[in-house]
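S.K.: In case you want the letters, here they are:
Number of protein chains: 2
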Amino acid sequence: MPTTSSAPGKVYLFGEHAVVYGEPAVPCAIERRASVTVRERDDDRLRVSADDLTLDGFTVEYGVDGGSPDVDVPTPLIEAAMGYVDASVAAARDAAGRPQAGFDVEIESDIPLGAGLGSSAAVVVAAVDAATRELGVELAPEEVAEYAYEVEYEVQEGEASRADTFCSAMGGAVRVEGDACETLDAPDLPFVVGYDGASHDTGALVAGVRALKDEYDFAEDTVEAIGDLVRQGEDALAEGDVAELGRLMDFNHGLLSALGVSARSLDEMVWAARDAGASGAKLTGAGGGGCIVALDAGDSTETALSLTPTCAEAFRASLAHEGVRAE
Amino acid sequence: MPTTSSAPGKVYLFGEHAVVYGEPAVPCAIERRASVTVRERDDDRLRVSADDLTLDGFTVEYGVDGGSPDVDVPTPLIEAAMGYVDASVAAARDAAGRPQAGFDVEIESDIPLGAGLGSSAAVVVAAVDAATRELGVELAPEEVAEYAYEVEYEVQEGEASRADTFCSAMGGAVRVEGDACETLDAPDLPFVVGYDGASHDTGALVAGVRALKDEYDFAEDTVEAIGDLVRQGEDALAEGDVAELGRLMDFNHGLLSALGVSARSLDEMVWAARDAGASGAKLTGAGGGGCIVALDAGDSTETALSLTPTCAEAFRASLAHEGVRAE
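Protein chains in written order, with full-length UniProt numbering: chain A, 1 to 327; chain B, 1 to 327.
If we strip away everything but chain A, and leave its shape as in the complex, we get (with noise of 0.2 Å):
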């Protein structure tokens, strides 16, 4: 009998990249999901297929003890989602107690991969909540949020925050400041998402960051300064003051340029926005390429950016109130 999970993917209102170093961040949940089905085999094998990741299909199998896995289409980031279902299985079979179990997993996901949109966040707590389940283990949205968190953190090798995870498992706009993590009363904002159809390295860009913040006082001010920012944009989201959320989005673009996480596709989407009237924009995760979030409850910005030569896909996301959750 297979088990399927949902989890939604987020932008970010504000406070990527800062959040890795303890400050605070306001994600919220999107209605763009990734699915992740999962059947216990009958040995101990984990066999992994994906059909919709903005990849061709692809399909893996290999053994609970590290025979070399099969793959179809050998590629980065293929590579790297093996690594976050893989330790997400890990995971699921540590909760249960069933450190042998085997399973077939297959993921859909309609976020794309590594573009800011939280795919990562998304299919490890999907993934945690269809394998645990399958092994007759129920966990609250918490746990789910606790045991992807530490598979973010084993994948990423310790540059992870609870942001991503814990707001996919929960569901609408939370609040992340290192450990503590809380859902916030927020109302439906009119988030427009541009696409740049690029993939970014997360690890490369937090590493570029550190990198800066380690050499430099002012890049440490600076990650200082967004971390303000973002406590200044709770009292803005708690009033529902989307022109106040748009001037401080647009500020904390400009933070996150300063630290060398901006692209020109980026910029160019993020300009866009503004100029078809968007009350702020800013690019959204890891940057580097991917995606910008903006704020316009009209049509103007949606269309500017699906006229904008560097952006790919551009579209509407409702704030998702439900994180993880059973299908």
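Some clues are possibly wrong.
Identical chains share a label here; the pair holds if one copy fits it or two copies do between them.
As the list claims (entries may be wrong) - Straight-line Cα separation of at most 25 Å, SDA-like style, residue types lysine to any residue; simulated pairs:
| no. | residue 1 | residue 2 |
| --- | --- | --- |
| 1 | 213 | 232 |
| 2 | 213 | 243 |
| 3 | 213 | 139 |
| 4 | 213 | 277 |
| 5 | 213 | 199 |
| 6 | 213 | 239 |
| 7 | 213 | 228 |
| 8 | 213 | 231 |
| 9 | 213 | 241 |
| 10 | 213 | 300 |
If you're looking for bench data, these hints aren't it; they were derived computationally from the structure.
Since the structure of chain A is provided, determine the placement of chain B on it from the hints.
M.R.: For chain B alone, coordinates are given in the frame of chain A:
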């Protein structure tokens, strides 16, 4: 017997805007000059003409007691220029103890107006120098700088720093922090300038940053981060480390973007320069439109900028070792 003086424009290697709040800045004089010719009149009237301020020629004539000027081409830009000339002449009258002196003043400049290259400071410095010399008073460049600062302070209603006028009067690279001004030993840096053809309203841009800084702690942090960056940049300048200067310029541009003073055209030129292999690139001056400055010893950046749709003019600018001078 007419007297002619000229003074150079400048680019900001680092620190514009933050310098208004007492942080250090490092402007560098460049070989684009404003030239002012002054001839004493028999009456107390002031007649100003300009042929080449990237405007159509204009002539303004008015008396010492403020008879309404007869302006051929009345635009806000000309009115602003007139304010500077008017105050410069008043400073010269004061320096020479000749409050009733009248002048014919002719301005020529190859520095675009309101584009971030210090056109107003260059005109003021050259005008103060020429008018005082016409009245038989020889001022040291430091004294010209002082009078010129007072002119800018008056015309800009207190929102002036000493950086522009000191740099234009002294030439070369200078460091200004509050009232402390010094010249720096600087290598010839491979400046490339891209100009979008637009002019900005410096006063409005400065006021915008002040409003952000007054409202938000993180904007004040950002201004302080620029100051820390400038202090770091001084070491790189002393060492002639172009790669490091470029990294810091990129960071400085991001912080200025956060403060809301970049523009779509400026960001496009900055990315064109970076993609062409410039060591770094940033807006220079007040922002909002106008110029960017990049570092590139080769031809790639100038070529790339000249092919960028938002770039009206790209040119190499060498350091002007001489500041204000008699012509």
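S.K.: Does each hint fit the structure? Answer for all of them.
M.R.: We went through each hint and held it up to the structure:
In the homo-oligomer, the alpha carbons of residue 213 and residue 232 lie at most 25 Å apart both inside one protomer (23 Å) and across protomers (14 Å), since each shortest distance falls under that limit. For a Cα distance limit of 25 Å, the shortest separation of residue 213 from residue 243 across copies, 18 Å, qualifies, whereas the shortest one inside one copy, 31 Å, does not. Taking the closest pair of Cα atoms, residue 213 and residue 139 never come within 25 Å of each other, the shortest separation being 37 Å inside a single copy and 47 Å across copies. Within a single copy, residue 213 and residue 277 get their C-alpha atoms only as close as 34 Å, which misses the 25 Å cut-off; across copies the closest is 24 Å, which meets it.
For a Cα distance limit of 25 Å, the shortest separation of residue 213 from residue 199 inside one copy, 24 Å, qualifies, whereas the shortest one across copies, 35 Å, does not. Proximity of residue 213 and residue 239 under a CA criterion of 25 Å is satisfied inter-copy only: 22 Å between copies versus 33 Å inside one chain copy. With identical chains, the CA atoms of residue 213 and residue 228 are at most 25 Å apart both within one copy (17 Å) and between copies (13 Å). For a Cα distance limit of 25 Å, the shortest separation of residue 213 from residue 231 qualifies both inside one copy, at 21 Å, and across copies, at 16 Å.
Proximity of residue 213 and residue 241 under a CA criterion of 25 Å is satisfied inter-copy only: 20 Å between copies versus 32 Å inside one chain copy. In this assembly of identical chains, the alpha carbons of residue 213 and residue 300 never lie at most 25 Å apart, being 37 Å within a copy and 30 Å across copies at closest.
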